[in-house]
Amino acid sequence: MSERQNAFTIKTNRLSDEVYHKLAKHAKSRRLGDYISSLILRDLNDSSTGKKAIEDKKTYEMLEHIKNELADLKTLAKTTGFVGNDSFKEEEPSSKVPPLKEGKIADLENISGSLDDDDLEEYNDF
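Heads up, the sequence shown is in the working numbering, so the first residue is 140 and it goes up one at a time.
These aren't lab readings, by the way, just hints derived from the structure by calculation.
Treat the hints with care, as some may be off.
[Unchecked claim] Straight-line Cα separation of at most 30 Å, DSSO-like style, residue types lysine-lysine; simulated pairs:
#1 K217 x K191
#2 K196 x K206
#3 K167 x K191
#4 K167 x K150
#5 K164 x K150
#6 K206 x K217
This one's a predicted model, so the numbers in the text were calculated from it and none came from an experiment.
Whole structure, please, built from the sequences with the hints as guidance.
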């Protein structure tokens, strides 16, 4: 980077009176450098905001693409009979098995199996 100069020259004959008076006001208060620096930083931030706007546009375009693809899939599903097919509906409870009600005692006439004393030893901690 080149060495910084201590001063810049501004040709004031190309500035409007309003701009000239604004710069003169800041120069008299010895804040012209700070003022120009703040303007440049604002411009730099605006350019980064522009980059964000481009990224937002890309995100929006991707979202629109996904929506279009989803619409195409829905159309394809309808034309192939995939949507509305009865095989994908939730099954109704069978009327053969009566629903269990609160307080009903289970019928345990046929019990099979056995427990050894060794099985019971594991649960003696309770």
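Going down the list of hints, with the structure as the test:
no., hint, result
1, K217 x K191, "violated, 39 Å"
2, K196 x K206, "holds, 15 Å"
3, K167 x K191, "violated, 38 Å"
4, K167 x K150, "holds, 18 Å"
5, K164 x K150, "holds, 17 Å"
6, K206 x K217, "holds, 17 Å"
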